[in-house]
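Chains as they are written, first to last, in my numbering: chain A, 705 to 985; chain B, 43 to 326.
What the hints contain is simulated information worked out from the structure, not anything from laboratory work. Idealized CB from N, CA, C, for every residue including glycine. Careful: at least some of the hints might be erroneous.
[Claimed, not checked] Derived, one-sided and incomplete: chain A residues facing chain B with beta-carbon distance under 10 Å:
| id | residue |
| --- | --- |
| 1 | 708 |
| 2 | 721 |
| 3 | 725 |
| 4 | 757 |
| 5 | 795 |
| 6 | 839 |
| 7 | 843 |
| 8 | 869 |
| 9 | 873 |
| 10 | 919 |
| 11 | 928 |
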Amino acid sequence: MQVRALPYLLLAPAAVFLVIFFLYPAVDVAIQAFTSDGEWTWANFDQMVSHWKFNTALRNTLLLALIVVPLQLALSLFMATMVTKMKRGRDLILYIWTIPLGISDLAAGIIWLAILEQNGFLNSALYGLGVIDSPATYLSYQNPFVLLIAVAIAEIWRSTAIVLVILVAGMGLIPKEYYEAAEVFGAGPWKRFVKITLPMMRPSLQTALILRTILAFEVFAVVIALAGVQMPILMGEVYEWEFRLRESGVAAAYALVILGISIAFTIFFLWVLRTPKEARV
Amino acid sequence: MTAADIAVSAKKVRPTDHRSASRWLMAATITILCLWVLVPIYLILVNTLSSPEEVTSWPRQFFPSFDLGSVTFFANYQGVARALLNSVIVAVMTMVFSIGLGAPAGYALARFDFPGKNVFRVVVLMTRAFPLPLLALPLAIMFIQIGLDDTRFGLALVHTMLAMPFAILITASLFMGIPYELEEAAWTLGCNRFTAFVKVVLPLVMPGIAASAVFAFVISWNEVFAAAVLTIQNRTLTAFLLTSLNEAPLALKFAGGAVLVLPALFFLFAVRKYLFAMWGIANR
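Chain B with its partners taken away, still in its complex shape (with noise of 0.2 Å):
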């Protein structure tokens, strides 16, 4: 072999060898990032699955011994059982009042040009400036002028306000997605506004209006500082693991908290689809 030969099968070589190593420098920068994830999530899992004697002990064993200890006195310590409850009723509550009231005004938004479009745009898009849950404080005393104070139906009130503005531009964005001439088509072969919207649209758009009611019900699911200003007997869970953070022993907290993550980890899974899409559209 020559010294040109070796110099030519060099540069043969560079390019791949620096490909490779890239590559591999990027898969585990990837990795790095995605067990930065995952691990915290891991742990909260080990401490949910061990024993409360053991959520204390030292040094900590990093494998769960799937010890239902923890879980159990999290079920039955006083007030969860309810709080859990509550969690889920307002947060039911949220995603029906949000889709409810969101969806026609994104309907109304994608399909009409009308005086005043513009204005409740603004209106819709200066909410996401708006620290909300200090909206909490005045409604606190609306509501106890009404009769709505530490009810459910007030909380979830207040979260559809959270959620309410995603509902509506995550829609908007979902019927602009779909041909008005289909609609159109529609009332040509006999259908009129109402049953060509919901024999030709609603179907279409039905998969995207189940990931933003997904969405709301998680706004809710997560929301702290509304719920624990706003309930005193109707605790949420949220409000419930924030009050007693300072008495409540730790098993109670760490079980509390995986509580939290599971639902949304499973959630979010759901609607990961349209993740992108939503925040794509409602970036404009």
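With the rest of the complex left out, here is chain A (with noise of 0.2 Å):
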């Protein structure tokens, strides 16, 4: 009886708090967007839709998200493939490659605002190089493109380490002898990758791209450190209005498209790259 209840013992401190924590607000922000005054309604999503920034904010987001994501993917794909071809050095070069990890969103933000800035430093080194006379202004709402591509580039920067610390480590579990096999029938190192490590790997490749997916529809702290509030994305949007017009319905409805595009991606990506039931190491 008593080892019968121990396991239920030790999960129900952290299962009443996921209940709390995790089920009910999520409930409650789905609640709170659909109602007004107590009332059932669509009026939170009406007032959301016809704000003139929400289809700039959802295309910025999901165009972030869409630079972003497959970048990462490939410089990550590139980046374990040299690590783990490398016989001497590689922990010290996967620390530097992983040290981004450890960096908030917001900080990148900062560390690529002292690049970009007007007197910062790309300025300088160009100016240094007589490339330019005098400072050039990349960070302006006046053009919304280059804004885009500045806050793409720190999120490369910052964010790219997550995919390459689970790459590597599912690049890890993939057996030599596979290698060695496909070697001794004649496969040259781009065959290999793409007939083992790509398809061997498709556990990690899902884990990778469903939580860098989910995370760049999240992207907040760098876009407002780069570009303020002339770069309107659904995250930002979420914050204005629980804060600055102080409307927690249609932030909650914000929320929600934040979610939906989150849910459907997770599921994408769990369909497209299933691992066959046969095919399971």
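Mind docking these for me? Both chains are given alone in their own frames, and the hints should help you get the complex.
Here it is, written out as structure tokens:
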């Protein structure tokens, strides 16, 4: 009896915590979005959609994820392949490459602000090389495209490390014999990568993509630090409506939009990168 | 030397040539990628170790003047010291809560088979496919009702929600790595369940648990959105910097950014050994 109860006793605190701080607020935010003054209504969503910033915010957020995530995936696959080939210095290189893992998005935004602002290091370097005569302005609402690229660079710099760690961990699980066998049959490096590495890494690719895409939809402080309010994004709008405009209902509606696209992409990746039952190691 | 000899020697040389060329290419690529990570961090440190006037001057110097003007300006700026203290306190609370709640659950997942285990696992995994900072919105209202609004404790609870799923999965994998036989042996030698755990299992998993505790600390230390939504008087450093981005002088932002980065660098170095083991297992 005592032993049977033990696992439940150990789980209980964490389970109660999950119910109070995960399941309950998740339901509550949905209720908040669909109610106004205690009545069921679409008013919050109407207000959200009719505001001019909604479309821009949605487009910017999706576009940013679309630029950042595939580039990160390619870059970390490249880095992971190189790391597995290394013989000496592997630990040091991996440490350096994973440093951004510990850096917050706000700090990353500030770091790239130091580089890209008008009197920043990029302009100073270009001036030193004689490319420009006077500082150029990059981070201005007049070039929304450059703002987007600046945010994308900062995001790629900061958050590629998490993808890299997941992929390196996954690559380490592939049995060496597979590569040896492929080499015996004359498969070149590229063929081995496409025919062994990629398919075998499906679970890690799936985890990395789900995690990174969701985090990309949550992008917030990088954008605030680099672009201020000149570049609307979904999470920034949640903050705006909650704080400056004091409309919790509309903020909750925005939250549901973020939640909706996150779940949609999670299901998409779960389905596209599913591992067939017979192929599980 | 005959033509045949030359052909032979050429054949001998070419593969090594090719190999060393590709080795150089790889070394160069690795170096560039290291610089890509390190140079921006170096530049923010240059800014931090320059005077506030130098930070806004043109063109910018690429080496620090080791002037502590920016640092003292940051340290004496209204509200910074308090925000720094809040950040540390919230992060320590998050660390204690997420290990205190997560490690027992991890042990249960690793050691027992029981009905409901899978439901629990799925809920824990589900949290990772969920934009967790958004939970701060409904929780802000709940906190007002129960008097936890704008408190460090309340924010630490939300940060625990971010860090605990990791703590559960990581500790579960740590406990799985320790043979059950060790515990059984301890029982036959007169330990009960609890003393066997304390004397045999705990010393073995302690470094790993410390690593996941550090991870929880970093998660809380770096979190911006929930901190900005849930606190007004008790701002953490991230929330403080975010809300002062508009009006604060550049020197303050840069010094603040550097102060945010430094502990993270140090902590990451401390847990580097566990990083990959943690993620390799958290994969499944």
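Hint-by-hint comparison with the structure:
Hint status for residue 708(A): holds, given a least beta-carbon distance of 7 Å to chain B, under 10 Å. Given the 10 Å rule on beta carbons, the hint for residue 721(A) holds: about 6 Å separates it from the nearest Cβ of chain B. With 10 Å as the threshold, the beta carbon of residue 725(A) comes within range of chain B, its nearest partner Cβ sitting at about 4 Å, so the hint holds. Using the Cβ-Cβ criterion of 10 Å, the hint placing residue 757(A) at the interface with chain B is not satisfied: the shortest such distance is roughly 18 Å.
Because the closest C-beta pair between residue 795(A) and chain B is about 8 Å apart, less than 10 Å, the hint holds. For residue 839(A), the interface hint holds, the least distance from its beta-carbon to any beta-carbon of chain B being 6 Å, beneath 10 Å. Residue-level restraint check for residue 843(A) is violated (minimum Cβ-Cβ distance to chain B is 13 Å; threshold 10 Å). Hint on residue 869(A) holds. Least Cβ distance to chain B is approximately 5 Å, under the 10 Å limit.
With a cut of 10 Å, the hint placing residue 873(A) at the interface with chain B holds, because the nearest CB-to-CB distance is about 3 Å. Taken as an interface hint, residue 919(A) checks out: its beta carbon lies about 8 Å from the nearest beta carbon of chain B, inside 10 Å. The restraint placing residue 928(A) at the interface with chain B holds, with a minimum CB-CB distance near 6 Å, inside the 10 Å limit.
The structure fails to meet hints 4 and 7 from the earlier list, while all remaining hints are met.
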